[in-house]
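**Student:** Chains as they are written, first to last, in our numbering: chain A, 1 to 409; chain B, 1 to 232.
Be careful, since some hints might not be right.
Said to hold, decoys possible - Mimicking DMTMM-like on lysine to aspartate or glutamate, the simulated pairs with C-alpha atoms at most 20 angstroms apart in a straight line are:
id, chain 1, residue 1, chain 2, residue 2
1, B, Lys130, B, Asp45
2, B, Lys30, B, Glu117
3, B, Lys30, B, Asp71
4, A, Lys161, A, Asp248
5, A, Lys78, A, Asp62
6, B, Lys27, A, Asp248
7, B, Lys30, B, Asp125
8, B, Lys16, A, Asp88
9, B, Lys63, B, Asp125
10, A, Lys161, A, Asp62
11, B, Lys12, A, Asp54
12, B, Lys16, A, Asp54
Simulated from the structure, these hints should not be mistaken for lab results.
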Amino acid sequence: MTAIPKLLGADPLFADGIDLTVVLIVIGKTIAVFVFLLLLVLFYIWFLRKVIADMQNRVGPDNAGPFGILQALADGIKLFFKEQTIPDSADRRMFLLAPYLSLLPAFLAFSIIPIGGVVTIAGHQTYVQLADPQIGILFLLMMSGIGIYGVMLAGWSSGSKYPLLGSVRASAQLLSYEAALGLAIVAVLIQAGTFSTRGIVVQQAWTGSWSGGLGSWPLAQWFLWPTLIAFFIFLVAAVAETNHPPFDLVEAEQELVGGFHTEYSGIRFAIFFLAEFMNLVTMSAIAVTLFLGGPAGPSLGFVAANGWINAWVMPIFWFLAKLLVLLFGTVWIRASLPRLRYDQLMDIGWKYLIEVAFLFAMVSGVFVIARQQDWPVWVYFAAPAGAVAIYAVLYLCIPRRDEITEDIR
Amino acid sequence: MGRFAGFGITFKQMFKPRVTGFYPREKRPKPPRFHGRHVLNRYEDGMEKCIGCELCAGVCPAKCIYVRGADNPPDAPVSPGERYGFVYEINYLRCIHCDLCVEACPTEAITETKLFEFSFSNRDDAIYTKRELVVDDDGRARKQPWELWLDDSENDHTSEWMRATSPSGNAAYEGRVNWSGELGYGVREPERGQSGILRSATGMTAPAPAEPVGLIDEEAADEEAADEEAAH
Chain A
1 MTAIPKLLGA DPLFADGIDL TVVLIVIGKT IAVFVFLLLL VLFYIWFLRK
51 VIADMQNRVG PDNAGPFGIL QALADGIKLF FKEQTIPDSA DRRMFLLAPY
101 LSLLPAFLAF SIIPIGGVVT IAGHQTYVQL ADPQIGILFL LMMSGIGIYG
151 VMLAGWSSGS KYPLLGSVRA SAQLLSYEAA LGLAIVAVLI QAGTFSTRGI
201 VVQQAWTGSW SGGLGSWPLA QWFLWPTLIA FFIFLVAAVA ETNHPPFDLV
251 EAEQELVGGF HTEYSGIRFA IFFLAEFMNL VTMSAIAVTL FLGGPAGPSL
301 GFVAANGWIN AWVMPIFWFL AKLLVLLFGT VWIRASLPRL RYDQLMDIGW
351 KYLIEVAFLF AMVSGVFVIA RQQDWPVWVY FAAPAGAVAI YAVLYLCIPR
401 RDEITEDIR
Chain B
1 MGRFAGFGIT FKQMFKPRVT GFYPREKRPK PPRFHGRHVL NRYEDGMEKC
51 IGCELCAGVC PAKCIYVRGA DNPPDAPVSP GERYGFVYEI NYLRCIHCDL
101 CVEACPTEAI TETKLFEFSF SNRDDAIYTK RELVVDDDGR ARKQPWELWL
151 DDSENDHTSE WMRATSPSGN AAYEGRVNWS GELGYGVREP ERGQSGILRS
201 ATGMTAPAPA EPVGLIDEEA ADEEAADEEA AH
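Please construct the entire structure, taking both the sequences and the accompanying hints into account.
**Tutor:** Here it is, written out as structure tokens:
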């Protein structure tokens, strides 16, 4: 009985043992989170198309439902009833499996996101979060690693060359940026001292006491400030990890037809896109959790402190508000930046992001330990200076492209 | 920050007015000389203007018109002349809407409307015969079931367009620009640079059709005149 709470985390739901109510609550939460994520994705697709249309001086979808908000649903229904073709040269079993291999991790990764605060359902206290495993963030990295298989197997099993090229690009790109992503996360983990997403969020919550100092600002608890550099690295790596423009070389239409999903049609094609957008929403939610305090935010003072508004609505509201800001950022990037060349992609990942993320994680670790151990003040200056020096040396050692081409000539 | 300037541009665009037209719901006014599909006109007494001379078919650069004339039955004539258009077909898969047929027609039997929304899912539907082309009793184009135009107002100010030849066929008008209203939608002023004189202004009476009584759209004609003045 004690093994399950450890797996599902420190949720107070399991404090009194597991009975039928608890099981039903868990099932209900699973369905609710799944629906929540699907709705978020549907919303995001509409939001993406509307905002991009705005940025390109167009109108965007406006026929399906009010303001075209049902457009994504309409597309999904249309694709669902389309014919699905399988190439003769395809590896049938892998071909059929691949879309689900990319969809499942996308959903599972979202299950560790703290969406809201602590609520009481049928007498049981529980988190508004599907699971809070102690390995939380590691679970995210696992899932994002498995997600690569969907893309890779889809391209490989299609039995066609452009999908194969797309999937080769995908696996190389995802592996490269996985490293930068992980190192950026490490900076936060060092600050938080825990893998649990709930634990990370709780540490960023404002205590509510205003003493006038800079440290007691409502947003000062966010890990965004001590890990600002890691935040930007995380954003770039997350955009690359989700194959979002300007890193969408996996499906570069001018070069690869449709990339890894060229041979897919009908609902399986739609599932790839669903997974891609799910990944994007999940990554944004992870960024909110790690850097922006997740659902933590001021509650309304003029209603009961423990009423349903402050327990249910406000945390979810803050979560969605922060999420929306990041999602807007992804759309903005998509509308503004042209696609990178493949060598530029690899350059950014390997030559710059990983080094900076790695050095920043080390400096960040020195800071945390120095604070705990009361190390002398000069350490706070020596550590970043050392990191900058190391990076300067590395920067000089990095071969420049023009030099390389010079050599070839 | 040069390479991030794009962010500012895209952000600014969000607050600029949209240029999108909501086409099927809102239609923009068509240009005055828009070339749409053809109609075969009739005199106000119901007689067809087409005399089956096949000039339109001869001049058609796309070879999309097929005409066969026949002698008018003496007891029930179809057109005022000796012969009439027995078969008249236009293949809209070939028509390039150059309006040469309209210029060639000696009796103004064929003119172009402003109707262009007539896509078809069947090749046979692309061939318009007399059944589709001949105007209704009120002198307006017949709406076919597969055509998208919503009401007659879409065909307002239809092709009253200038003809450099004498549509009357009268030698007295040789070399003069002569206009007549088509489908009863008024008469246009000559354009700047053209030496034409309006029939109404000269007081000459041409055998070309008088403006049908009761069909003249006063408002449209007024608007037309206003447009012309504005253009000048």
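**Student:** Take the hints in turn and mark each one as holding or not.
**Tutor:** Okay, the hints, checked on the actual structure:
The hinted pair formed by B/Lys130 and B/Asp45 meets the criterion: a straight-line CA distance of about 18 angstroms does not exceed 20 angstroms. Taking the CA atoms of B/Lys30 and B/Glu117, the gap is about 13 angstroms. The hint holds against a cut of 20 angstroms. At most 20 angstroms may separate the alpha-carbon atoms for a hinted pair to count; B/Lys30 and B/Asp71 exceed this at roughly 39 angstroms. A C-alpha spacing of about 18 angstroms is found between A/Lys161 and A/Asp248, which places the hinted pair at or below 20 angstroms, so the restraint holds.
This hinted pair checks out: A/Lys78 and A/Asp62 have alpha carbons roughly 17 angstroms apart, not beyond 20 angstroms. For a cut-off of 20 angstroms, the pair hint linking B/Lys27 to A/Asp248 is broken: about 38 angstroms separates their Cα positions. About 25 angstroms separates the Cα atoms of B/Lys30 and B/Asp125, which puts this hinted pair outside 20 angstroms; it is violated. The straight-line distance between the Cα atoms of B/Lys16 and A/Asp88 is roughly 50 angstroms, outside the 20 angstroms bound, and the hint therefore fails.
For the given pair, B/Lys63 sits about 18 angstroms from B/Asp125 by alpha-carbon distance, which is consistent with the 20 angstroms threshold. Straight-line distance between C-alpha atoms of A/Lys161 and A/Asp62 comes to about 37 angstroms, which puts the hinted pair past the 20 angstroms bound. Annotation: proposed proximity of B/Lys12 to A/Asp54 holds, straight-line Cα distance about 10 angstroms (limit 20 angstroms). For the suggested pair B/Lys16 and A/Asp54, the alpha carbons sit about 8 angstroms apart, so the restraint of at most 20 angstroms is met.
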